[in-house]
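With the hints as your guide, set chain B onto chain A.
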Amino acid sequence: MSLAGYEFEVQRDDGLATEEMTLNMGPQHPSTHGVLRFVVKADGEIMRTALPDIGYLHRSIEKISEKVGYHGFMPYTDRVDYVSAMQCNQGWAMVCERAAGIEVPRRGEFCRIIACELGRIASHLLSVGTMVMDIGGMTPFTHAIREREKVNNLLEDLCGARLTFNYMRIGGVAWDLPPGYAEQVTAFLDRFEPFIAEYNDLISYNKIYVERLANVAAVSKEEAINYNLVGPNLRGCGFQYDVRRDEPYSIYPELDFDVPVGTGEVGTLGDCFDRYMVRIKELKESCKIVRQCLDMIPDGPVLARVAKKLKPPVGDAHVRVEASRGDMGWYVVSDGSEFPYRTKIRTGSFSAMSIVDKLSRGIMIADLIALIASLDVVAPEVDR
Amino acid sequence: MVSSIGRYLKHAKDAVATIFEGLSVTMSHFVRKPYTIQYPDRTAVRVQDTLPLRYRGILEVDLEICTGCLACERACPIDCIVIDAPKDKATRAMLLSRFDIDIAKCMYCGLCSEVCPTGSIHHTTEFEGADYSLESMIRRFVKDPVLAYKAKKGEETDPLIAPVLDRGMEFLAEWAEPVDMKKYKKEQEEAAP
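Top line first, the protein sequences correspond to chains A and B.
Taking our numbering, the leading residue of the first sequence gets 1, the next gets one more, and so forth.
Taking our numbering, the leading residue of the second sequence gets 1001, the next gets one more, and so forth.
Where chain B lies over chain A, by a calculated footprint (3+ residues, C-beta under 8 Å):
no., stretch
1, 163-173
2, 200-208
3, 291-303
Source of the hints: derived by calculation from the structure; they are not laboratory data.
Backbone N, C-alpha and C fix where the C-beta goes; we use that ideal spot for every residue, glycine too.
Just chain A, same shape as in the assembly:
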């Protein structure tokens, strides 16, 4: 049997020929978080390879941008990664601003960062919640989702939607913070920060849970860089790289926050548990950033006036934003008309798919679930 160039032969001592089992995991599988398929070649319970088959959720989002113009594309960016839509909004807004040379009011930048970090909290909560559920623990998921609902309520007050926000505009944000929003968010953060410790008590250091994740699918620093892992997956290997800190944009240089990395506290450095723990730690950092923003936010306008038919000068622009799933690249080419000539979105989940095959060799089928969950792959972001 051969599959995409991989030849496998199982040798048995008694000379009988056996065949490997080819299994389909997905496209409809609860642990793949969307429509994603893995072709698994297994020898009993041990996997030889797991090849991701992507493209089930391809919606030609990049092509759509060439038809709807710069302003009209903003709601579509929500759909690039619907779990953390705020950062996608910000990426598109920033790349258009860079292409057209638009300045954003200072209060607008603060509104953006507050919304983005709340979105990151919501995204990481879903990630750590579903990770436990994929492995078999039902209760912690409901705890994480309960907190996520509170974040969603806050975002709903801010922009009127719970998932596909369409909050940002080229030149700022569409809504100012509603009255009393700072108190509301502070009240939430006061209750949320103890929750992180409670969640760790509940599941993170549970012996059974730790045993399922420790030493599973460890990635070394070099491997992670070679396979182009980004975001929490890269930081889980102990490599301290964060676009917010190392290639700062917006108002991040003025803010004080740490970049948590994996420490290998229960097993090998860069295993599933480290990637999980980085996300838990990032929850705290996001809380810190939101608090600072609420303290520092100035008065003033939030939206700059931009032409209805935006026509950036001929040329191209590229920005990188730190989305919940890592470094997200936005590239736009303008030919001087009101429609982009070409848009390219580079996402963290897509590059994370390339390492699945490498890591899946020789581990159990059940560990593949843990691996995919720990990479925090969201299918629409893979395909776009």
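Positioned in the frame of chain A, the structure of chain B alone reads:
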């Protein structure tokens, strides 16, 4: 041999201990207030009434104050709004003969209500849109052709239209006001010293 048994027992002890640690969190929820609500029939207030004014639910059009400017139709990225506004040749007034919104297509992005000059097209807090056919999801707001609204100088005097216009302005006030950055910076510099 002894060490492996010891390790096994230690693992078992750790597993039991951490399970009870987790259970203590679960137990504490017996005395906490429940967070769930019994949607849809056992909520104290209708869920729709608890939502903020900026909530982006199903679109609605107040035809009384629609100016027929077609800004919403142009702003919509998926063309779910269709407006026919021909000019009456005799009176030279604009008639609204068709205003359809396909709410099955609509993605509730809010770009149309953002550009509306009078707040005529706006999102409601209504979100329960289930229906039996796609055809019935097209909301047709024009029954008989009506004259488009013409903005007057000064206050609106018509007692029927004034409250609708006030409500429209309330929706508009939620949106951020764009500023000219060059002008704004100049003002800031002048105010600074």
